[in-house]
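Just so you know, the sequences run in chain order H, L and R. Here my numbering is used: the first residue of the first sequence is 18, the next is one more, and so on. Here my numbering is used: the first residue of the second sequence is 18, the next is one more, and so on. Here my numbering is used: the first residue of the third sequence is 18, the next is one more, and so on.
Worth flagging that the hints you see were computed from the coordinates, not collected in a lab. Treat each hint with caution, since some may be false.
Unchecked claim - According to the in silico footprint, chain L covers these stretches of chain R (three or more CB under 8 Å from chain L):
hint: 1; segment: 24-35
hint: 2; segment: 49-63
hint: 3; segment: 168-175
All C-beta atoms in this analysis are idealised placements derived from N, C-alpha and C, irrespective of residue type, glycine included.
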Amino acid sequence: MSKKTIIVFSGDYDKVMAAFIIANGALAMDDEVAMFFTFWGISALRKPKAPTGIAAGKSLLQKAFSSMMAKGPERLGLSKMNFLGAGPALMKKVMKAENAMTVAQLIDSARELGVKMTVCGMSMDILGIKMEELIDGLELSGVAAMLGDAEESDVTLFI
Amino acid sequence: MSKKTIIVFSGDYDKVMAAFIIANGALAMDDEVAMFFTFWGISALRKPKAPTGIAAGKSLLQKAFSSMMAKGPERLGLSKMNFLGAGPALMKKVMKAENAMTVAQLIDSARELGVKMTVCGMSMDILGIKMEELIDGLELSGVAAMLGDAEESDVTLFI
Amino acid sequence: MSKKTIIVFSGDYDKVMAAFIIANGALAMDDEVAMFFTFWGISALRKPKAPTGIAAGKSLLQKAFSSMMAKGPERLGLSKMNFLGAGPALMKKVMKAENAMTVAQLIDSARELGVKMTVCGMSMDILGIKMEELIDGLELSGVAAMLGDAEESDVTLFI
Chain H
18 MSKKTIIVFS GDYDKVMAAF IIANGALAMD DEVAMFFTFW GISALRKPKA
68 PTGIAAGKSL LQKAFSSMMA KGPERLGLSK MNFLGAGPAL MKKVMKAENA
118 MTVAQLIDSA RELGVKMTVC GMSMDILGIK MEELIDGLEL SGVAAMLGDA
168 EESDVTLFI
Chain L
18 MSKKTIIVFS GDYDKVMAAF IIANGALAMD DEVAMFFTFW GISALRKPKA
68 PTGIAAGKSL LQKAFSSMMA KGPERLGLSK MNFLGAGPAL MKKVMKAENA
118 MTVAQLIDSA RELGVKMTVC GMSMDILGIK MEELIDGLEL SGVAAMLGDA
168 EESDVTLFI
Chain R
18 MSKKTIIVFS GDYDKVMAAF IIANGALAMD DEVAMFFTFW GISALRKPKA
68 PTGIAAGKSL LQKAFSSMMA KGPERLGLSK MNFLGAGPAL MKKVMKAENA
118 MTVAQLIDSA RELGVKMTVC GMSMDILGIK MEELIDGLEL SGVAAMLGDA
168 EESDVTLFI
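The whole structure should be built from the sequences, with the hints applied where relevant.
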């Protein structure tokens, strides 16, 4: 039993999927897993529907950035062969046929297995995303805490 | 003498080149190197010519995905300045002038130096790629085995 | 006190920013940090104005590649939402409003805190970039030296 740290920077469906497949694999082997979501990776944690009044404290530019970021894992694009959004839909069809879990399901599974998920506060400020927009049970964090997790880990990945 | 694990997720010529340059560097220093190819990274291992009858067990969508993926390392695009495929050709010209090895040559070199190359079975199912389409001597694998390699390594990279 | 190694392959503003935020965070905790710049990551180290006569020893293709690469950190594009260069400008506006440091400032800070920055000689040859085009105080290096740093580190990231 050891620890893994995964920095999720990317907001691409395929890369976020890879991050959670690795996380689930490690958790299944009784490893401790800390995931630190920063920048575009945060979009994977957004609720599909923004709570009302969420735009209140945002500047115009923050509204612009956050409105263009995907809302939740199933709205993310692919890093390759995205085809204006058709790629993810097609990939999910094959995944279903192959009994592979969607990213939303992988997130649920990781949480059931006890993953620690933290979000980068500085990225949230820059991109204009608020904690209420994200799924529950996340911890606001920063680079120092992430490095603390990484130092306790035998494997740290930047995805 | 220690061990390195490299997860090759990207199918970009420049990133796959970076992965193999690091692998060759480590192997030259008598390190053990395990490379785990997943998602787009698998395209670097495809044979330029698909064996006949390969499409037999593929669904329509799997055929679509696999037919759009590059066949072999020398058909990969660049992550930047690809220019619809002109970028890699130009880069290879400079590489030749500078006596730098192509990715195909780097793969050969790594294999001669004893690299362990495994492929992610789940990615192959989703992308509709079969073992017969890939170069010889690869091992079908999964996240658990990759994590086993990573735990034995002092450096693990996600590329 | 421990050591971190960061391989900066990407030349995207957001990814280079992430690399330097992590570096500064580790340096602030008295860690040793080695950054190895390779491929597109080297553009973050270029001086905004190329010294005269710099094109002298470059081949036509090297001139082409190097002329298309960004000159310095503040000319880099975003990996997402670049909008032909408008994205970085907008992001910098929000960053300023949020009191976040620019990449140029993060580089200065990391250097004051004693970061070790090395550049990949092979990438420089391929991309046609010369040492005189880069900011001062960098060390020309290669994969073997980078792996040496990585082996002494408890965290090594490929960004």
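Consistency of the hints with the structure:
Requiring three or more residues with a Cβ within less than 8 Å of a Cβ of chain L, the coverage given for the segment 24-35 of chain R holds, as 3 such residues are present. Figure legend: the segment 49-63 of chain R, annotated as covered by chain L; annotation consistent (3 residues with Cβ-Cβ distances under 8 Å, at least 3 required). A stretch counts as covered by a chain when three or more of its residues have a beta carbon under 8 Å from one of that chain; for the segment 168-175 of chain R and chain L the count is 5, and the coverage holds.
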